[in-house]
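Engineer: Sequence:
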Amino acid sequence: MTEEIKDTAETEAVATRSGFVALIGATNAGKSTLVNRLVGAKVSIVSHKVQTTRAIVRGIAIHNNAQIVFMDTPGIFKPRRRLDRAMVTTAWGGAKDADVIMLLIDSERGLKGDAETILEGLKEVPQRKILVLNKIDQVSREDLLKLAAAVNEFVNFDRTFMISALNGSGCEDVMDYLATELPEGPWYYPEDQISDLPMRQLAAEITREKLFLRLHQELPYSSHVETEKWEERKDGSVRIEQVIYVERDSQKKIALGRNGEAIKAISMASRKELSEILEQPVHLFLFVKVRENWGDDPERFREMGLEFPRG
Numbered sequence: 000m001t002e003e004i005k006d007t008a009e010t011e012a013v014a015t016r017s018g019f020v021a022l023i024g025a026t027n028a029g030k031s032t033l034v035n036r037l038v039g040a041k042v043s044i045v046s047h048k049v050q051t052t053r054a055i056v057r058g059i060a061i062h063n064n065a066q067i068v069f070m071d072t073p074g075i076f077k078p079r080r081r082l083d084r085a086m087v088t089t090a091w092g093g094a095k096d097a098d099v100i101m102l103l104i105d106s107e108r109g110l111k112g113d114a115e116t117i118l119e120g121l122k123e124v125p126q127r128k129i130l131v132l133n134k135i136d137q138v139s140r141e142d143l144l145k146l147a148a149a150v151n152e153f154v155n156f157d158r159t160f161m162i163s164a165l166n167g168s169g170c171e172d173v174m175d176y177l178a179t180e181l182p183e184g185p186w187y188y189p190e191d192q193i194s195d196l197p198m199r200q201l202a203a204e205i206t207r208e209k210l211f212l213r214l215h216q217e218l219p220y221s222s223h224v225e226t227e228k229w230e231e232r233k234d235g236s237v238r239i240e241q242v243i244y245v246e247r248d249s250q251k252k253i254a255l256g257r258n259g260e261a262i263k264a265i266s267m268a269s270r271k272e273l274s275e276i277l278e279q280p281v282h283l284f285l286f287v288k289v290r291e292n293w294g295d296d297p298e299r300f301r302e303m304g305l306e307f308p309r310g
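For the sequence shown, position 277 (counting from the first letter as 1) is numbered 276 according to numbering that gives the first Met the number 0, and the numbering increases by one without interruption.
I should point out that these hints are in silico values taken from the structure, not numbers from a laboratory.
One should not assume that every hint holds.
[Said to hold, decoys possible] FRET-style restraints, in silico, Cβ to Cβ: (1) I276 to T15: 37 to 47 Å; (2) K233 to L165: 38 to 48 Å; (3) L144 to E230: 51 to 61 Å; (4) V289 to H215: 14 to 24 Å; (5) E171 to E278: 37 to 47 Å; (6) K145 to S249: 45 to 55 Å; (7) E119 to R257: 18 to 28 Å; (8) K252 to E227: 13 to 23 Å; (9) K233 to N258: 28 to 38 Å; (10) G256 to E152: 46 to 56 Å; (11) D172 to R257: 45 to 55 Å.
[As the list claims (entries may be wrong)] In silico SDA-like pairs for lysine to any residue, Cα to Cα no more than 25 Å straight-line: (12) K228 to F160; (13) K228 to R213; (14) K228 to R247; (15) K288 to P197; (16) K41 to D172; (17) K228 to S274; (18) K95 to L110; (19) K95 to P182; (20) K95 to E115; (21) K251 to Q200; (22) K252 to V289; (23) K228 to A264; (24) K263 to E225; (25) K41 to L201; (26) K263 to Q250.
Keep in mind the model is a prediction, meaning the values are calculated, not measured.
Don't be surprised by glycine CBs; every beta carbon is placed ideally from N, CA and C.
Throw the hints in and build the complete structure from the sequences for me.
Structural biologist: Written out as structure tokens, the structure reads:
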């Protein structure tokens with residue numbers, strides 16, 4: 000048998016693996032940044048604002064012979080409003096649907112905030128679990144080891160990884176581990192697909208990210224973006240119309256900005272990124288509308304991919 004034939008036979012004998020990995024953690028632990036890093040492309044929006052991710056975003060990565068479907072879940076925190084409750088319920092639902100659960104903890108914050116509540120909840124979840132300590136470049140190794148030991152006292156994790164989602168340190172080790180631990184089976188998605196998010200929804204998410212990046216200190220996170228029109232034009236460009244919904248007139252003024260400066264900057268930043276993603280010219284038109292109490296509207300929850308909590 001020649002070397003070439005032997006190599007082909009060995010390649011064909013390698014079984015493919017596939018599975019779902021749910022990233023859970025407190026708000027702003029770095030889940031969306033990590034998903035984008037592991038997938039190698041922008042599939043989840045990132046901002047300074049807490050609770051930016053609202054519904055489950057699936058990012059799809061191929062590593063060796065495995066297709067790893069990462070589920071970026073909303074941050075888990077103590078819910079105060081109906082939207083909060085829907086997001087937390089969605090996060091735990093994503094964890095229960097996964098093959099492996101990856102708990103991401105901000106090493107700087109450690110067990111402060113909602114981390115202990117999450118760990119208590121994990122005790123009731125039967126799936127295999129791995130611990131990932133993020134932002135390790137901000138903490139001493141001694142403190143990292145103490146944190147890892149303290150977290151593992153709450154829940155017995157199969158493995159503990161120390162990474163930086165921002166610069167990629169340690170991420171390859173996570174991918175190597177998952178590629179060997181997921182169940183054998185065919186891939187769920189085509190090889191070139193990186194997300195299951197419809198393009199219209201991804202476009203709305205991109206604009207929402209730019210909105211938060213521009214106005215995260217002034218505008219409540221309850222603002223919402225919907226893509227209302229998507230027209231492919233004969234010249235190869237695309238015309239997109241989106242509406243930014245806010246709850247009060249005072250918020251509309253903030254979103255527009257003085258002489259329309261804020262909305263122009265948001266539109267420009269979103270259009271630039273969308274053009275890069277779509278690889279075609281984009282004509283983006285943004286409108287701001289007031290929809291009072293949209294956080295109590297079941298239709299808006301369905302639009303975001305959330306289940307509307309009753310009561």
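Engineer: Against this structure, judge whether each hint is valid.
Structural biologist: A quick look at each hint next to the structure:
1. Separated by about 28 Å at the C-beta atoms, I276 and T15 break the suggested range of 37 to 47 Å.
2. Between K233 and L165 the beta carbons are some 42 Å apart, a value that agrees with the proposed interval 38 to 48 Å.
3. About 56 Å separates the C-beta atoms of L144 and E230, a value consistent with the hinted range of 51 to 61 Å.
4. Against the hinted window of 14 to 24 Å, the Cβ-Cβ separation of V289 and H215 comes to about 20 Å, which satisfies the hint.
5. Checked against the hint of 37 to 47 Å, the pair E171 and E278 fails, with Cβ atoms roughly 28 Å apart.
6. Hint check: K145 to S249, Cβ distance near 46 Å, so the stated range 45 to 55 Å holds.
7. One distance hint, 18 to 28 Å for the beta-carbon pair E119 and R257, is violated here, with the actual separation near 47 Å.
8. K252 and E227 have their C-beta atoms about 22 Å apart, which keeps the hinted 13 to 23 Å range intact.
9. Between K233 and N258, the C-beta spacing of about 34 Å keeps the proposed range 28 to 38 Å intact.
10. Checked against the hint of 46 to 56 Å, the C-beta distance between G256 and E152 comes to roughly 49 Å, which is consistent with it.
11. A beta carbon spacing of about 49 Å between D172 and R257 agrees with the range 45 to 55 Å that was offered as a hint.
12. Pair hint K228 plus F160 does not hold up; C-alpha atoms about 43 Å apart against a cutoff of 25 Å.
13. For the hint linking K228 to R213, the alpha-carbon distance of about 24 Å falls within 25 Å, and the restraint holds.
14. For the hint pairing K228 with R247, the CA-to-CA distance comes to about 24 Å; that is within 25 Å, so the pair holds.
15. This hinted pair checks out: K288 and P197 have alpha carbons roughly 23 Å apart, not beyond 25 Å.
16. At roughly 21 Å between alpha-carbon atoms, K41 and D172 fall within 25 Å of each other, so this suggested pair holds.
17. The straight-line distance between the Cα atoms of K228 and S274 is roughly 16 Å, inside the 25 Å bound, and the hint therefore holds.
18. Restraint check for K95 and L110: satisfied, since their Cα atoms lie roughly 23 Å apart, inside the 25 Å limit.
19. For the given pair, K95 sits about 16 Å from P182 by alpha-carbon distance, which is consistent with the 25 Å threshold.
20. With a C-alpha separation of about 19 Å, the suggested pairing of K95 with E115 holds against the 25 Å cut-off.
21. Restraint check: the Cα-Cα separation between K251 and Q200 comes to about 22 Å, which is no more than 25 Å; the hinted pair holds.
22. The suggested pairing of K252 with V289 holds, with an alpha-carbon distance near 10 Å, which does not exceed 25 Å.
23. Taking the CA atoms of K228 and A264, the gap is near 21 Å; set against the 25 Å cutoff, the hint holds.
24. Restraint check: the Cα-Cα separation between K263 and E225 comes to about 17 Å, which is no more than 25 Å; the hinted pair holds.
25. With a CA separation close to 10 Å, the supplied pair K41 and L201 stays within the 25 Å bound.
26. Simply put, K263 and Q250 have alpha-carbon atoms about 16 Å apart, close enough for the 25 Å limit, and the pair holds.
Of the numbered hints stated above, those contradicted by the structure are hints 1, 5, 7, 12, listed in ascending order.
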